[in-house]
Amino acid sequence: KAGVTQTPRYLIKTRGQQVTLSCSPISGHRSVSWYQQTPGQGLQFLFEYFSETQRNKGNFPGRFSGRQFSNSRSEMNVSTLELGDSALYLCASSLPGPGTYNEQFFGPGTRLTVL
Amino acid sequence: AQSVTQPDIHITVSEGASLELRCNYSYGATPYLFWYVQSPGQGLQLLLKYFSGDTLVQGIKGFEAEFKRSQSSFNLRKPSVHWSDAAEYFCAVGATGGFKTIFGAGTRLFVKA
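Here the protein sequences line up with chains A and B, keeping their order.
Quick note: the first sequence, position 83, residue 83 per our numbering, numbers continuous.
Offset between the second sequence (1-based) and our numbering: plus 1000.
So here's chain A without its partners, still in its complex pose (with noise of 0.2 Å):
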């Protein structure tokens, strides 16, 4: 069975522009979590989808979007982008579970570098 696929692997960005990320879950999984990673940071939380529904969000501005579509896939959108959005951005996937959780299998992440 195929993991997690995220595109593009890399991206080079400049402040002011936007991107669109995006994951391909494991067959079968309907839950996508996307979480930020940096040195000062560490792992951030930033939303989780299922069946097209976002139900929860961490901390992030605004400018932080994604969605979810029929097929799980799952994009993000980071809009007016800045310095330190630079990151890297993985994906996660789950099998459906509701009122349970379930383990995820992470996805090798895209790189962002704003310049």
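Hint data in this document are derived by calculation from the structure and do not stem from the laboratory.
For every residue, glycine included, the Cβ atom is placed at its ideal position computed from N, Cα and C.
Heads up, some of the hints might be wrong.
[As the list claims (entries may be wrong)] Partial selection, computed: residues in chain A whose CB lies under 10 Å from chain B: (1) P8; (2) I12; (3) T14; (4) Q37; (5) Q44; (6) F45; (7) R55; (8) F60; (9) C91; (10) A92; (11) E103; (12) P108.
With the hints as your guide, set chain B onto chain A.
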């Protein structure tokens, strides 16, 4: 609020020596606990998990962890470290209802020959 503390930013051990990485959590209910490993430039790989039951859990690559409710700890151990174990290790707690995972700051493991 839920939190995870990994007191050691980095640890150096000799190849063949034993390893223990510390993790303390703060969570009101019975937590779902995880240890992940991340090699440079890679995503996170799950080493082991604790959901319930036996408090000593076995994982991949010879790792084990023990859940101690009284100490709010979930320390990771390995009896004999290999050079390939050099990586960053993250302890995490999964919260039901919140549908999110909270990670510790990570512990970087260095292995010396």
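*Run the structure past the numbered hints and jot down the numbers of the failing ones, going up.*
1, 2, 3 and 8
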